[in-house]
Structures are given as C-alpha cells and as structure tokens.
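Next come the chains, spelled out residue by residue.
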Amino acid sequence: MTEPITPDTPAGGPGKPANDGSRRTFMKQAGGILGLALAPPFLSQAERLTALSRKVEGVSALSLKVNGTVRTIQAEPRVTLLDALREYLDLTGSKKGCDHGQCGACTVLVDGRRVNSCLTLAVMTQGKEITTIEGLAKGEELHPMQAAFLKHDGFQCGYCTPGQIMSGVACVQEGHAGSEAEVREWMSGNLCRCSAYPNITAAILEAAKSS
Amino acid sequence: METNQTKNAPTNVVGKPLDRVDGPAKVTGAARYSAEISVPGTVYGVLKTSTIAKGRITSIDTSRAAKEPGIITILTHENLPKPAKTPQQVEKWRAAQSYLPMQDAQVQYAGQPVALVVADTLERATQAAALINVTYQAEAPIDSFHDPKAELFDPQKIQQGKKDSHVVRGNPQQAFDGAAIRHEATYVHAINHHSPMEPAATLAVWEGADKLTVYESSQNVTMHQGALADLLGMPREQIRVVTKYIGGGFGCKGSFWPHTILTVLAAKAVNRPVKLALTRQQMFTGVGHREDQEQTLKMGTTADGKLVSLVHTKRATTSPWDNYTESNGKILDMLYACPNYSTTYELARANVMTSVWMRAPGEAPGSFALESSLDDVANQLGLDPLEIRLRNYADYDHSNGKPWSSKSLKQCYARGAELFGWDKRQAKPGQNRRGRLLVGHGMATASYPVHSSQGTARVRLFADGHAVVEAGATDLGTGTYTVMTQVSADALGLAPEKIRFELGDTRLPTAPGSGGSVAAGTVASSIMAAAEDVWDKVVKMAVADKKSPLYKAKPADVKVELGRMFLTKDPQKGETLVAALVRSGQPDIEGSGTGKYGAGYEEKNFGQNGADPNNDSKEKKTGGHSMHSFGAHFCEVEVDPDLGTVRITRWVGVHGAGTVLNLKTATSQMIGGAIYGIGAALMEETHRDASFARYTNADLAGYHIPVNADIPEIKVEFVPESDPYINYLGVKGIGELGMVGVAAAVGNAIFNATGRRLRHLPITPDKVLEALRQPA
Numbered sequence: 001m002t003e004p005i006t007p008d009t010p011a012g013g014p015g016k017p018a019n020d021g022s023r024r025t026f027m028k029q030a031g032g033i034l035g036l037a038l039a040p041p042f043l044s045q046a047e048r049l050t051a052l053s054r055k056v057e058g059v060s061a062l063s064l065k066v067n068g069t070v071r072t073i074q075a076e077p078r079v080t081l082l083d084a085l086r087e088y089l090d091l092t093g094s095k096k097g098c099d100h101g102q103c104g105a106c107t108v109l110v111d112g113r114r115v116n117s118c119l120t121l122a123v124m125t126q127g128k129e130i131t132t133i134e135g136l137a138k139g140e141e142l143h144p145m146q147a148a149f150l151k152h153d154g155f156q157c158g159y160c161t162p163g164q165i166m167s168g169v170a171c172v173q174e175g176h177a178g179s180e181a182e183v184r185e186w187m188s189g190n191l192c193r194c195s196a197y198p199n200i201t202a203a204i205l206e207a208a209k210s211s
Numbered sequence: 212m213e214t215n216q217t218k219n220a221p222t223n224v225v226g227k228p229l230d231r232v233d234g235p236a237k238v239t240g241a242a243r244y245s246a247e248i249s250v251p252g253t254v255y256g257v258l259k260t261s262t263i264a265k266g267r268i269t270s271i272d273t274s275r276a277a278k279e280p281g282i283i284t285i286l287t288h289e290n291l292p293k294p295a296k297t298p299q300q301v302e303k304w305r306a307a308q309s310y311l312p313m314q315d316a317q318v319q320y321a322g323q324p325v326a327l328v329v330a331d332t333l334e335r336a337t338q339a340a341a342l343i344n345v346t347y348q349a350e351a352p353i354d355s356f357h358d359p360k361a362e363l364f365d366p367q368k369i370q371q372g373k374k375d376s377h378v379v380r381g382n383p384q385q386a387f388d389g390a391a392i393r394h395e396a397t398y399v400h401a402i403n404h405h406s407p408m409e410p411a412a413t414l415a416v417w418e419g420a421d422k423l424t425v426y427e428s429s430q431n432v433t434m435h436q437g438a439l440a441d442l443l444g445m446p447r448e449q450i451r452v453v454t455k456y457i458g459g460g461f462g463c464k465g466s467f468w469p470h471t472i473l474t475v476l477a478a479k480a481v482n483r484p485v486k487l488a489l490t491r492q493q494m495f496t497g498v499g500h501r502e503d504q505e506q507t508l509k510m511g512t513t514a515d516g517k518l519v520s521l522v523h524t525k526r527a528t529t530s531p532w533d534n535y536t537e538s539n540g541k542i543l544d545m546l547y548a549c550p551n552y553s554t555t556y557e558l559a560r561a562n563v564m565t566s567v568w569m570r571a572p573g574e575a576p577g578s579f580a581l582e583s584s585l586d587d588v589a590n591q592l593g594l595d596p597l598e599i600r601l602r603n604y605a606d607y608d609h610s611n612g613k614p615w616s617s618k619s620l621k622q623c624y625a626r627g628a629e630l631f632g633w634d635k636r637q638a639k640p641g642q643n644r645r646g647r648l649l650v651g652h653g654m655a656t657a658s659y660p661v662h663s664s665q666g667t668a669r670v671r672l673f674a675d676g677h678a679v680v681e682a683g684a685t686d687l688g689t690g691t692y693t694v695m696t697q698v699s700a701d702a703l704g705l706a707p708e709k710i711r712f713e714l715g716d717t718r719l720p721t722a723p724g725s726g727g728s729v730a731a732g733t734v735a736s737s738i739m740a741a742a743e744d745v746w747d748k749v750v751k752m753a754v755a756d757k758k759s760p761l762y763k764a765k766p767a768d769v770k771v772e773l774g775r776m777f778l779t780k781d782p783q784k785g786e787t788l789v790a791a792l793v794r795s796g797q798p799d800i801e802g803s804g805t806g807k808y809g810a811g812y813e814e815k816n817f818g819q820n821g822a823d824p825n826n827d828s829k830e831k832k833t834g835g836h837s838m839h840s841f842g843a844h845f846c847e848v849e850v851d852p853d854l855g856t857v858r859i860t861r862w863v864g865v866h867g868a869g870t871v872l873n874l875k876t877a878t879s880q881m882i883g884g885a886i887y888g889i890g891a892a893l894m895e896e897t898h899r900d901a902s903f904a905r906y907t908n909a910d911l912a913g914y915h916i917p918v919n920a921d922i923p924e925i926k927v928e929f930v931p932e933s934d935p936y937i938n939y940l941g942v943k944g945i946g947e948l949g950m951v952g953v954a955a956a957v958g959n960a961i962f963n964a965t966g967r968r969l970r971h972l973p974i975t976p977d978k979v980l981e982a983l984r985q986p987a
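Residue numbers (the numbering used here), protein chains in the order written: chain A, 1 to 211; chain B, 212 to 987.
This is chain A alone, in the form it adopts within the complex (with noise of 0.2 Å):
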C-alpha cells in the first residue's frame, strides 16, 4: 500500500502537535518497513501500529517546500534530503561531504532550524520549509552572511561554504554568536579543511553585528 505523506495529514494524527522533527515523528512518518525495523527498541506497542498503518514504499511523489516554492520529485522514502536537493531537484548548493553528519557541508534550514540535511530523509521534511543556500540572496543582493564570508574570505575551496553559511545564519539566529568563543564552539560542527575558520568567525561576528 502507498499513500502519500502529506503536510495537511500530519503522521501524528489530527489534534496532535505539530511535527517537531524528532525521531518518534520520523518513526511515524517513515513508518512501514523501516518503522518495523527500528520500532521495538522505541516505541510502544500502540505506536508501532500507528506506524504499520503508513507506509511509503517504493517509488512516490514527495513535495518539498524549497526557498518558499514546492516542488514534487519522484523518489523512494530513503532518498537523503540532500539527495533529493543535489540529485533530484538539481539544487547542488547543499554539499555532501561525508554524507553521515560528520562535516556539516549538508546544513540546511529546516523551519530555520540547521540541520544535517544527509541525516534527514526528505519524506520527512514535507510541510516544511526548507531553506538552502540558494534561497540566501535576494536576488542579486547577497544575504549578509554570504557576504561577510566573501569580504572576510571565509573559504578557499567553498566546497563546505553553504553548509558553514547556513549554519553561521543559524548560529546567529540562536544567540550563539555573542563572542569569538562562543562562534568558533557553535560552528565546530562544520569542518573547512581549507582552514578559513579564522576568516569564518571573522565573518560570522560581522553578519550578527550587522543583523
């Protein structure tokens, strides 16, 4: 059985609260082979039923709202939100550079929170609004982060750029960019091998003054 995953039919149901992205709501949503599998351990008798009730197998039409527009792909419920961005939507902006959370060079906003778009199935993310790291720039006009990262030349090779931008836009939407210290810690998830992190806290407390 395949029925589509909609926003306006949240897996918890009518009445409950609104998906937090928490792994319970993912068991819910992915449900079906993958909620059997992981179930046990987490959830509880009821929950699993909840979860066999839904499944996404194979091949389905996902809809995903990226920087304010949807768009519909065609893909099993495994496919990576990064994967959906890079190789379905043709949006390659979001970089994978390990593809397990490890480097951060996949951040995304998710409802303006980052995340690890590598760790997030896309499924999941129907609903909600998912920003990248094309949908910085007002048109020709460049978010003030991005640029603050071009005047501080807060990268080289700028393969982890729209991951440590996005997450930098994040970092000081959160209040974590209060001090050096404090932007150095909370951008530690996002490794730059070129090294630029002198340039990318430079950048980042420019952008949170600015903002």
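Everything labelled a hint here was simulated from the structure, so no lab data went into it.
Certain hints may be false.
[As the list claims (entries may be wrong)] Chain B residues, not near chain A, derived (Cβ > 12 Å throughout):
hint : residue
1    : E334
2    : P359
3    : Q371
4    : K374
5    : E409
6    : A488
7    : N590
8    : P707
9    : P720
10   : V754
[Said to hold, decoys possible] The calculated DSSO-like cross-link candidates involving lysine-lysine, where the alpha carbons are at most 30 Å apart (straight line), are:
hint : chain 1 : residue 1 : chain 2 : residue 2
11   : A       : K209      : B       : K926
12   : B       : K296      : A       : K151
13   : A       : K138      : B       : K875
Even for Gly, the Cβ is constructed at its ideal location relative to N, Cα and C.
Given chain A, put chain B in place with the hints provided.
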C-alpha cells in the same frame, strides 16, 4: 620593444586584497563541482570494495543485486571491459599508483574496488552494491613496515625514479662521531589522509565511440587527460577533462586513481554518462595517503651550536608495486649551513595502496625531525631557538653550492619574533603557568623549493575593452581564478571586471596542475608571455598607423605598462593598447605564450651561468640559483597537565615568498597551511589494523581534522621580497610553505611548556600524559 621586462613594472591590482572573483558563485551555491554537472541521462555508479587486504576473490554472486529495480549493470573483474593498457603496460606511467584493480581476482589492499554497480538512482546502486556477495580466499596481509613479515629494502630510487634513495655530502658519519654535541633521535609520523571536503568524483560522458568528456575532481586536467589517453589507447585530443571547481585536494587529486578509469569503462559499457563519487570512507582507500614513517636523525654540532653533521634515515611503508615515499631529506640538506649530510631511505612493501604526495611532501615530516632536534640542542646549550638558527643561517644553499635567488629568512625571524613577543619567552621549560595550565612557546623555520615548471596561456583582447584569458590550470581554492584575473588586468591595463579568466579544461592551453606550489608563478608567467605577444602585435600596428602617437617609432623603443604603449625616452608619447586596436578596425587580437617557472626561467633570461656575480663561495658550482621560499612560525600552547590536552593559543607566521599576487587570498592560504600542520601535529592519524591491514577510523568522525574551536587567531605576514630569477613576476608558490615546520613549532612549544619532548605525531593527550609521568 623590450621583452621579459619584469620586475618592478608598475602594478595596479596585482598584490591588492581583491575579493575572490569566484567568490559570489561559491557563497551562493552556484559553483558546480565535478559531481554536480548536469548531463541528461546520467546514471549512478557505486563501488563495492574489498573487505580483505590480501588474497583472491573465489566468487562474486551478483544475483540478488541484479534483481533490484533500476540496476543497469554490475561490473566485476569477470566482465569489466578491459582498458587498452594497464598502468604497468604504459611505458612511462604518470601517476603514483601503477596497479589497476578489477583486472583479475587478486586483492592487494583493503578497500580495493571489486565491483562497480550502475543504476538509475544513487540509492539503488548503493543498495545493490551492498547485496553483492563476494567470497574471498584470504591470506595474512602485511600492514606496515613494522610488521614482522615486512622486509625493509633499499629502493635505490624513490618517487617514480625521480630521486635517489641515498644522498651523501661530505663525510657525515665521521663528522658526527667527532662532534662536540651529538644528538640522536627517532621521529614517528602517523598515516595521514588528505581529506579534502569534496570527495573525489568522476562524471564520464562518451560523446561518441572515440570521443570522451570527463568531469573530474582533478588538480591537474592535463595529467588526467594523458593518463586516460594512455589507458584507453586514444589520442589525447579525443579526451576532454574538465574541472571548473574543485573542493580541495592537498595532493590527493593530483594523481590518477582507479575510480576514474573504472567509471570511464563503465560509461562505455552502459553507453550512458556515469557519475561516481567516492564515499567518505572510500576516500581513505581510493586516493592515496601520507605514508606511515619513521626517521632517525643524528645531529652533530660544535660546542657553540653550529651544525657539523646530519645523518638521516627514513623507514616507511609502500605498496606492493611502487616505490613511493616522500623525500624528507631534501629540507635537511638545504635549510642550514651544514657541511656534512646524508640521507637514506628504506621501504617495506605492505598491503596498502600507494601513498602519494600530501601538502609539503617531504618538507613537512622532514622539518619535524630537523627542527625538533635543533630545538633540543639549543636547549642543551642554553641557546635561544632563534639564536641557534641564526648561527646556522645558510648564506647559500649548501646542498648544491648555489647562491639563493632571494632569501628573507632573517627578516621573517625578526618580524615574527616581534609580532609574537618572543623576547618574553621563558627559556627554561616547564616554568610558565597560566592557572593550572602549562604554557609554552616554540618556533620553527619553514621553507619550500621553487620547482621547475612551464605552461602556456592565451590572451584575447577585445576592442570594446574586455579580455578573455585562458590557461588549463586549476583553482583548488588557492585563488587561481582571482590572482590570474589580477595579473591579466595589469598586463592589459584593464579593470579586473573586464577580465574573464578561464581555467580547468584540457581544451585550453596546457598549464601545469595545482601541485608543488607551481601554479601561481607558472600561470602568471604564461599570461605575461601571452600578453607580451599581444603587446608586440599592437605595437606593430601602432607604429604603422598614421593616427597613432607612436607612428614611425621603432618597436624596440616602445615600452608597455599597464596596457599603455609609450616611447621609453618620452613616456608622454603613447596610447593604450585598446585605443590602437579600436582604430585598426579589428574586433579583437589574440596572443599566446609560454611561461616558465624556476630554473627554466632563469636559464632562458639569464643564461646557463647567469648566477649571482657577488657569490664567490668556494662551494659554488656553476649554473644558476637555488630557489626557495622561507618563513618562520611562532606558536604558543597551553598544556593541561592533568588531561594531557594541548591547545594552540597563539600563532604567528611570517614568510618571504616573492611577489604576493593577492594579499587576501595569500594570507588565507598561509593560515590554512598552519592549520593543516596543526592537524598533523596534534590529531591526524589513520589507524591501520595490524592483523587485517584495514583502516579502523576511516571517516571524519574517526579521523580528526581541526575544527573551528581548535584554532585561535592566526597572524600571518609576508615580508617584502623581490626575486628576478624565478619567473616573470617574481612569484614563489605558497601552497606548501605555510605547513612546513608547523608540527615542529608545536612540538617545540610543548617542550617549552612541559620539558618533555614528544617525537611521535600526532601528539595526542595519551602521549602527553605518558611523557609527563616520566622525569623531565
């Protein structure tokens, strides 16, 4: 007109801290790296790799995998179309590893490709690869030169036959035996992996039966094109390799590796474009590494700290087929004034892939040994580490007797010491505390050679005042796009916005790859040579044009600066290149030229024997200068005596590297070099299991590279330096320089903090604690 008039020509934008011209594309996500090129009909390739390090494949069962939806083909050694030649059959193979997997059932290293799945989606290809059942007949592998089964041998030549495995100058053993101070120590360097953020990727597109385009994460498109031509038995021009953006390389993308040819063969087999990106785990067994190695250094000095002898040996692991090892000795040979020197390399074969150059290959680990030992001797003699370096200052290159083309090391020492506040350093180790933390200060010297290189470029100046400049170079993030735009702008007298610099395509004029710090100097020289060709042509047009202020002038009397032609004797009389071009009615004019970097440049412009007339040293041999950049690192650490953790709290690097093309990008590169070295010093180590010869920490959670919180403010400066001998603009490469000496500076600071000498990289907390348990 004057040609090759370099040197002190006025500049407008060269040297300025221009923002990166490719920056907007990188900060908006518009820059497309090799795996991101969109080609209709592309399907996905995924490698299945061996779980054993030695043995043979007895069977590969692909039946379950083949039943998965979307599977297009599964290639193994049994059905992979054979290349025209294997690397072993190529007369002069241009890459580090001469072994190509999937040609037979043999397994020679863990993580070796054994199958390649092609499917319509990445998920399906990945799933199918997991379902392939490979059975092996495993043999006990050799994991490293430490393995009791391993046999050390004398390779005679190292680095594909380019370097001797023995170098002797003077009488080093005898000099050591008779030295007043004799210091002997062994230094250990862990396996390091380059770990660029972008995994290596190949997108192979057969445009026809004999026409191939490959989008490759390549530091050197010409090398990739040539290697593919060799293996496929195709003419080079039928193969196009494109790399517009590359997400770091640090050496690992400057050589040719199996995944590239396997992807190309797979694309041929399925008659569709195939894209294959290594996983992060496969990056540890797919693109080389810095080999595990041990160096023993005997250092003899006089009672006042002057070097009399350096006897160096290196033992390292290499692959079953190749004799690659970094040439650590060369920096020991040239860095100081030491009359006696020798180095010997010994290698042992193990079941690992061939190691390969990694940022500052040889210089980085070699300087760790040299600069640590020198620090020990300084401490023993009660000399300041700076003082012992000044006492051993080399006024010429003792390795070959040649004078330096330029050397600003004394200025680097002085400026670095000033910026750092070196005079406040507590000389006696273990005395400086900040709360419960031990504080230490250390320094070390950096140097990197100017290797010989050459390349070509094309300049096309349009009458509307813009120009397209082309060279088949790459931009690793090192700023090639930006600095070449600046060089072109000044060569033609245009604003940088009026220049479009194109790189990363074998259709463009052949340029060197990014490696060995040659790109900036070589490509800049090539552009200047091509610009001169344009100048020549336009000057000829002008002197024949009645409307030109230069009408009837002799071309030899005309000089060109910043895009303006004028009479050398009457600079008022002249006009811009563009003005003359506009009058000519030609829509554009094109020039090309070959630029040289290093010894070839000197020979061309100064002759074989054009050496410094002021150099009258007895040791001087004939012919030219020794060309190196130099610098000095200063480091402060805090060591936690209870936890053994080391934190870098301050860093100063001052370098003399000739003409700096862009202060902003150059500074970033030097900061990056220091941090790369800090990684090697304090945390980077890939563990190869002794029983199975497999890596146990092959990902970015297990292989620790520095993160933002590890890094303090880093001060970097360049001292002014002008060098007429090395290339047109006097540029010395800086890609490697910033990393050389870093590990030693860190180790020396730890010694100053604790009184304990750590000779085994990386200097992790367990080693620090163990050292602190021993008496100082």
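Comparing the hints with the structure gives:
{"no.": "1", "hint": "E334", "verdict": "violated, 5 Å"}
{"no.": "2", "hint": "P359", "verdict": "holds, 35 Å"}
{"no.": "3", "hint": "Q371", "verdict": "holds, 26 Å"}
{"no.": "4", "hint": "K374", "verdict": "holds, 28 Å"}
{"no.": "5", "hint": "E409", "verdict": "violated, 4 Å"}
{"no.": "6", "hint": "A488", "verdict": "violated, 7 Å"}
{"no.": "7", "hint": "N590", "verdict": "holds, 30 Å"}
{"no.": "8", "hint": "P707", "verdict": "holds, 14 Å"}
{"no.": "9", "hint": "P720", "verdict": "holds, 24 Å"}
{"no.": "10", "hint": "V754", "verdict": "holds, 44 Å"}
{"no.": "11", "hint": "K209(A) with K926(B)", "verdict": "holds, 23 Å"}
{"no.": "12", "hint": "K296(B) with K151(A)", "verdict": "violated, 49 Å"}
{"no.": "13", "hint": "K138(A) with K875(B)", "verdict": "holds, 27 Å"}
In this structure, the earlier hints numbered 1, 5, 6, 12 are contradicted, and the remaining ones agree with it.
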